[in-house]
Amino acid sequence: MPDADVRFNIPTPSINVDAVKKSEVINAIHNTNQISGESKEVALDLLDKHSADSFHSMSELLGVGFPPEVIEALQLCNEVVQLFVS
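Going by this note's numbering, the sequence shown opens with residue 1, and the numbers climb by one from there.
Honestly, the hints are just simulated from the structure, not real lab data. The beta carbon of each residue, even a glycine, is placed where N, CA and C say it ideally should be. Each hint should be verified, as a subset may be incorrect.
Unchecked claim - Pairs of lysine to aspartate or glutamate, EDC-like flavour, derived with a Cα cap of 16 Å:
(1) Lys22 / Glu69
(2) Lys40 / Asp18
(3) Lys40 / Glu24
Stated by the list, open to error - Across the chosen pairs, the derived CB separations fall in these ranges:
(4) Asp18 / Glu38: 25 to 33 Å
(5) Ser57 / Gln34: 28 to 36 Å
(6) Leu62 / Gly37: 25 to 33 Å
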């Protein structure tokens with residue numbers, strides 16, 4: 001019996017073409033309850049020291065040099081993700 005050809009159509013959110021300001025990301029991280037205290041402190045500290053004033057994508061933000069646990073927390077944080085989705 002042949003395998004069924006199963007296909008999924010998962011909508012892809014449109015990506016915001018405008019850059020998200022670093023201050024917007026910092027505010028989102030600061031105000032969220034979805035990121036724990038230590039991860040929040042590390043994320044805010046690294047962003048504060050980072051030279052970029054804005055980010056064009058979530059990938060660009062995550063490439064700042066965060067530890068793996070902070071990257072995971074940021075990817076799961078609705079407030080941060082919503083900044084990059086229109």
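These are the hints, each one checked on the structure:
| no. | hint | result |
| --- | --- | --- |
| 1 | Lys22 / Glu69 | violated, 20 Å |
| 2 | Lys40 / Asp18 | violated, 25 Å |
| 3 | Lys40 / Glu24 | holds, 15 Å |
| 4 | Asp18 / Glu38: 25 to 33 Å | holds, 31 Å |
| 5 | Ser57 / Gln34: 28 to 36 Å | violated, 20 Å |
| 6 | Leu62 / Gly37: 25 to 33 Å | violated, 20 Å |
Checked against the numbered hints given earlier, the structure breaks hints 1, 2, 5 and 6 and satisfies all the rest.
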